Amino acid sequence: MAAFDFAPLIVLLPFAGFLVAVGAALTRPGVLPKGGALPGIAATVGSLLLSAWVALQVLAGDRAAETVYVWSAAPAAGVPELVFSLLLDPLAALMLLVVSLVALLVHVFSLGYMNDEGETGLPRYYAGLGLFTASMLGFVVAGNLLMAFVFFELVGLCSYLLIGFWFREPGPPSAAKKAFLVTRFGDYFFLVGLVGVFATFGTAAFAGPESFPVLAEAVLAGEASARTFGFEARTWFSVLGLLILGGVLGKSAQFPLHTWLPDAMEGPTPVSALIHAATMVAAGVYLVARVYGFYALLPTVLAVIALVGGFTALFAATMCVVKREIKQVLAYSTISQYGYMMLGLGAGGYVAATFHLLTHAMFKALLFLGAGSVIIAMHHDEDMWNMGGLREKMPVTYYTFLAGSLALAGIVPFSGFWSKDEVLYEALIHGLAGSPAVLVAYAMGLLAVLFTGFYTFRMVLLTFHGDPRTETARDPHGVGWSVKAPLVVLGVLATTAGALNAVPVHEVLGFPPEYLHDWLAHDGGQSAFAALTSEHYGELLKTQAGYASAEVSSVAAGLVSLALALVGAGAAVVLYRGPDPDPHTEKLGAARTVLYNNYYQDEYQAWLAESFVRPLARVLDGVDQGVVDGGVNAVSSVSLFSGRRLRYVQTGVVSNYAALLTLGLTALVVAAALVGGWFT
Amino acid sequence: MILAALMAVTAAAALVTFLVPDEYAGGAAAAFSALPLVGSLLLWAGFDGRGNALVDGEVAFETVSPWLTLGGYEVSWHVGLDGVSLPLVVLTAVLTTLAIVSAWSAIDERRSQFYGLVLFMETTLIGVFVSLDFLLWFVFWEAVLVPMYLLIGVWGGPRRKYAAIKFFVYTNVASLAMFIGFVALVLAAPVQTFDLPTVAAALRNEQISALLGLSPGALRTAAFAVMFVGFAVKVPVVPFHTWLPDAHVEAPSPVSVLLAGVLLKMGTYALLRYNFTMLPETAAALAVPIAAVAVLSVLYGAMLALAQEDLKRIVAYSSVSSMGYVILGLVAYTLYGVGGATFQMVAHGLISGLMFMAVGVIYHSTHTRMVGDMSGMADRMPVTTGILVAGAFGYMGLPLMAGFAGEFFVFVGSFASTTLPFAPVFTATAMFGIVVVAGYLLLAMQRTLFGPFRLDTDYEVQEAPLRDTVPLAVLLLCIVALGVAPDLLFGMIKDAVVPILQGGGL
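Same order as they appear, the protein sequences are chains A and B.
Using numbering that gives the first Met the number 0, the letters of the first sequence correspond one by one to residues 0 to 679.
Using numbering that gives the first Met the number 0, the letters of the second sequence correspond one by one to residues 0 to 505.
You can take every hint at face value.
With beta-carbon atoms standing in for the labels, derived distance ranges:
no., chain 1, residue 1, chain 2, residue 2, range
1, A, 67, B, 452, 39 to 47 angstroms
2, A, 67, B, 479, 17 to 25 angstroms
3, B, 44, A, 526, 39 to 47 angstroms
4, A, 1, B, 11, 53 to 61 angstroms
5, A, 67, B, 216, 49 to 57 angstroms
6, A, 119, B, 33, 36 to 44 angstroms
7, A, 170, B, 480, 30 to 38 angstroms
8, A, 391, B, 371, 46 to 54 angstroms
9, A, 222, B, 469, 54 to 62 angstroms
10, B, 452, A, 58, 52 to 60 angstroms
11, A, 208, B, 371, 54 to 62 angstroms
12, B, 469, A, 68, 24 to 32 angstroms
13, B, 479, A, 4, 23 to 31 angstroms
14, A, 67, B, 26, 38 to 46 angstroms
Far from chain A by the CB rule (all over 12 angstroms, computed), these chain B residues:
no., residue
15, 11
16, 18
17, 65
18, 105
19, 189
20, 196
21, 291
22, 366
23, 367
Honestly, the hints are just simulated from the structure, not real lab data.
Model, not experiment: these values are computed from the prediction.
Glycine included, every Cβ here is placed at the ideal spot set by N, Cα and C.
Take the sequences, apply the hints, and build the full model.
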């Protein structure tokens, strides 16, 4: 169990990096070389190595769910104690690797993006990155829902701080506020759900026989009881599941709480890559996967998850089609891709969704860092219509970006093809076998593939192909090794990660093994962890959620989505190839305005906040001052003092007040004593 | 004896401070206030009490000596500490010292009188929290008003007279109501003493007779109601809150720190000690209206905070909102509910103290508190801004800070309450306050701290000196420490809450 003993260090090392950077920022900002990047890099290297060690230990069959810190001890029987605990199992080990790897690469990339560009306030930047990395890793290893919520909120804080990094401009602070507020709205439901889980089960643990998913299963089987507040058990659990889902929708930027993510692009691009693409946004989806044993009991909630996911995938993909800024395309694309993961989870594809989480982290971090490289080259101009022809000038960025784009569009054999295909396949087979909601979600997800192919290649062509459309694009700024190295690492991973789980190939050839299925299926021979395996989830989906599987070839399903992706990509190539492409957006007619305005989602939310809630607050304030306080003043001037006497009282000197007060106090006590009859 | 010594030292410090020349008064007061601070920390370290002081408790540092007899009723000097009162004594000592240090910049006239009054107020506040005899307690309870009245009325802003008189009259009338209510209960109970544990035992066993034509049940309800209203003014609970913003706006910042940080807790502390400990059945019977008032305080206070343009009014109204959670926790009558409410008293004391202090630091540099008068202060005051942002997130209930711990305990306790009908509905509604608080604090921060620098007053703005930022940093550390390790205080709180709850549960 040696590796597991060091597991807390995975979280604590980046936290130490944070403390070092804060200390430097407060005392001597120049004291750290590279503005604090080096401690951060050292810490994330340490976290990555320890994560790899933990993963090897998990591979060897070890699992752990242990309390590391008692936050609030139980003083009496029947009262839950609130603890911080670690849960180390295949899912957590996988996510630890993803988070620490991307965090490391983003730290390195920041040397090129922040340090070399002469930014000020670097210790603050690296402090934010360090705190974020620590909080995200803490979230990943969280062993119960309370701890998950704690770190869920902390990553939200870091997101706020880093989006608002350039606080002297008006845009970033506003975007930061919106990001925190919208996700806080989601977290409100999560917190209600969390409190409800405690009230219902008396525990919020994820693993073990006393964990709440296992208890819920037992309650539904009639083998245990829980406090369900007068509801039928499954109904009440569904309510709890939907409440927790509120936090998921906020963090993973799912409709209708997706509006903060495009604004969050105001932050530095490495932050977008780390927080708003690969990791923090994944926290919502990861949470559902983490408590999948609970969700698998609740068919209604699963249907909601699938529908929200499918809808978001399509809805966000359509908005990408008209965007001008490269980071905006990527932001809406991120929303869309998390929609696929939700679709996968809702459709019963636990492994598929986890797979897509993994590949997406790689290729979307790659695309954001590639966009960052382009933005450096373009002197911080993000408009794709000012780019063009960057292919020759920056080949490393181009080829890695292309690898990421092929993965995003879902072109075989790049990683995104395998994972998105598997998500859609799971939705199809479960949908066909009698789950119409899932089938509808599948249809939306499938249609989104077309749009994804289109917007991805529109982005690639506008940025890298054709003739340069501005002076800047003709003579771009060079980028150094610290930018190229992370791109190459992620480029290789985005190309090859699909081999982890090439289901259609396995179906035809019988090899390679479906590594990820195997990884997530086993409990390592420890029965306490049997309830956290994909095998168990499959069982629950069948028996509790009533999911059946239709017989469909994964090869055929894969060919359908591949064909759609190619059609979309082909359409983009036809429209936007050539030295000087035309925008073509006017052909969309009225739809263009709607798409440019993001379906007016931002407008109605801003209206709700600014034109409804704030005026309501002002009205209440008027009522408070006029009626409530007015009443108080009226009472006091009528019964206690006449207006004239009040003026007299107010014009005295301080010693008079002291005398008056003392007298008043004495009179009060004497009067009360007389009423009480003490002097008789 | 040790508590008497603590209070005597503090009172002596107050007297000496009155005599110290103005230019040394600040330093002397800070040095003197270190005595009760160290004393209270020693009490915390040496605390050996168990259970609740009023119900089956082993009271720590207890002293009982007969004082006088009033109409056959014994009044005694009965002081002592349990897990509920000790955290509040520590809070008082910590905040007083920090408020004194923060006043070095803020107060520049009649300094020795100012610091003397602050120390005198500390004496009376400690008296409120340690007294276990009603009449003794009531003397301290009333005595707190005198220094506070003078601190607002002499050192306050332009409308200080109005605010001070409003504060004094309002809370004094409330005290009268509460006094009558409690004395009526004592007269109807089979006791010949004002000793609180004795009275509590009698009342909890429902051994009271009819009085003045009221049946025992009606008397309990009536007494509960007037006592509740009397304490609710102090908390304050909507709709008795309107004295608070006026008092805060006019009071100098260090006084606001103590007003929000400690004085409001007198109200919730008294509610816990009297209403909820002595009349649990009545509290349960009235649970729905009380919870409604609590939810109203949370949401209405938060909405009012959203409408304010003055930073101090924002923090003042958010206090109304936060104290609503305390009421909710009390009425839930579960371990985490009542314990969380007590913890929230301390947490809110520290956080609101930090916020008022930080607003004071900004005011001292800019000479304005209006949100619209400034923007981009982060550029000129990075350290103050950093601490203010951290404090604001504490107010929003960011995990691993004290506010989250207090609110989370209250929410867990109240959601699971069996005393309160529709507990999940009340809890979930009140919890929406965590969204509104984020709304108004983030909006205010965005407008004042971030964006391009602009200031509409003619002052050079630069980073505050260390003597202003160190108290802020100390408070922030306390807030984080209690958020990471709430059991530093919550352990003894839970122990003291268990006996008053009949039965277990969350």
